[in-house]
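Student: Given chain A's structure and the hints, the job is docking chain B onto it.
The listed protein sequences derive, respectively, from chains A and B. Each residue of the first sequence is one higher than the one before, counting from 10 in the numbering used here. Each residue of the second sequence is one higher than the one before, counting from 31 in the numbering used here.
Please keep in mind that the hints were generated in silico from the structure rather than gathered at the bench. Accuracy of the hints is not assured; some may be wrong.
List time: in silico BS3-like cross-link candidates among lysine-lysine, alpha-carbon distance up to 30 Å [as the list claims (entries may be wrong)]: (1) 87/B x 161/A; (2) 104/B x 128/B; (3) 104/B x 234/A.
Which residues of chain A face chain B? A partial, calculated answer using Cβ under 10 Å [claimed, not checked]: (4) 63; (5) 65; (6) 67; (7) 156; (8) 212; (9) 218; (10) 222; (11) 233; (12) 265; (13) 268; (14) 272; (15) 281.
If you're wondering where the values come from, they're calculated on a predicted model, not measured in any experiment. All C-beta atoms, glycine included, are put in the ideal place defined by N, C-alpha and C.
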Amino acid sequence: MANLKDIRNRIKSVKNIQKVTKAMKMVAAAKMRRAEERMEEARPYAQRLQSVISHLLPDVERELLNLLHVRPVSRTAYVVVTSDRGFAGSFNSNVLKKAQSEIDEIGKNHVDIFCIGKKARDHFKRRDYTIIESHTEFWSELSFGDAIQIGKGIIGHFTDERVDEIHVVYNEFINVATQYAESEKLLPLEFSDEDYSHPERLYEPDKNQLVQSLIPRHLNIQIWKYLLESYASEQAARMVAMENATENAEEMIKDLTMQFNKARQAAITKEILEIVGGAEALKQT
Amino acid sequence: MSEFQLEIVTPTKLLDIGSINYVRCPGLDGSFGVLANHQAAIIALGIGEIKIAQNKKFHYFATSGGFIEITEEKVQLLVETVERAEDIDMNRAEEALKRSKQRGKEKDASLDEARRDISVTKALNRLRVSKR
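Isolated chain A (complex conformation):
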């Protein structure tokens, strides 16, 4: 049996780890709440914009705007959204797994990758995929400007006809306990062709120009949404992972304390036995 001092040291170190995981959990919880609020704030804008565009699109010639072009697909781009840091359970590996399997299905020589977050960059760099752009180390001060920055590269890649389709793989935030690796098509835009005509409505400038100015804004807000969802998911995943780690540490402390007490008891028993044995031996002489 391990000696008393060893066990005491192990208990101490596990307790320290527990302190760290507890602190990380609390930080993640606070950040997640903030991220959730931001998602709520972004929703009305995104919804209104989407509905206005879908009202306009049926009357617009798709050929006029290259963001609406549907071309035969010879090259695809993937935007993979991950975090910069680990310690978040299966958060990054889920997305990377999903992205990689979809990319491999198309064939890695036909796919360009935009990496958001260090984890995606490291993963695909190591495996020699074609990385066009990577954006890292912006998560801690995430702002709408980042979405515009990132969007510019992605949209430019499409309008220059270097790729014919763009997909985004990210973690969708469902609730604190569930995040789901989701893959969505960003470009070319698809809207249901329902008829929403408003004959009474005035459009200025004309519908084609309006759509032209609205669609880049729509893409910006889409990318903003992906970033926010991913950020909230990351924090939620980290929170749950750290919660589990804290519980496991608790369990370990319990086991170790039990071992420690047993060892101590054994030592005491042994000492008593020795004393009693010694006394017995003296009596007999």
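Tutor: Coordinates of chain B only, in the frame set by chain A:
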């Protein structure tokens, strides 16, 4: 004077302005005003100043563009950014202007001319509105 509801919606916040009498927006070819009972419309907006008349007082905002949606029930401004005139930090705006002008002088190939002009216009607009 009859009133109508106005909301300003951006990707990062929703401002419920409430009942107002008049709003003036920076359209793509010049400013235009909206009064109550306006015809339903969708109009694109450029960089400029939004002026709102509420309880005989005027409020000013700087925006970097978006669009206005006018329906029977209310008027919504969907814009990418919006700042109250009194919230604009003049020093910061001044600096932004300097920076974007500086960038204009350096012949940076990665920045196209159109974008430089936009950032200069945005900075100028914020400064102008902040002096209200």
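Student: State for each hint whether it applies.
Tutor: Now for the hints, and whether the structure bears them out:
1. 87/B x 161/A: Violated. Residue 87/B to residue 161/A sits at ~40 Å, over the 30 Å cutoff.
2. 104/B x 128/B: violated (39 Å)
3. 104/B x 234/A: Roughly 26 Å between the alpha carbons, so the hint for residue 104/B and residue 234/A holds.
4. 63: violated (13 Å)
5. 65: holds (8 Å)
6. 67: violated (14 Å)
7. 156: Holds. Min distance 8 Å.
8. 212: Holds: closest Cβ of chain B sits about 6 Å from residue 212/A, inside 10 Å.
9. 218: Given a least distance of 7 Å, the restraint on residue 218/A holds.
10. 222: With a minimum Cβ separation of about 5 Å from chain B (threshold 10 Å), the hint on residue 222/A holds.
11. 233: Where the cut-off is 10 Å and the nearest Cβ of chain B is about 6 Å from residue 233/A, the hint holds.
12. 265: violated (48 Å)
13. 268: Violated, about 54 Å.
14. 272: violated (59 Å)
15. 281: violated (72 Å)
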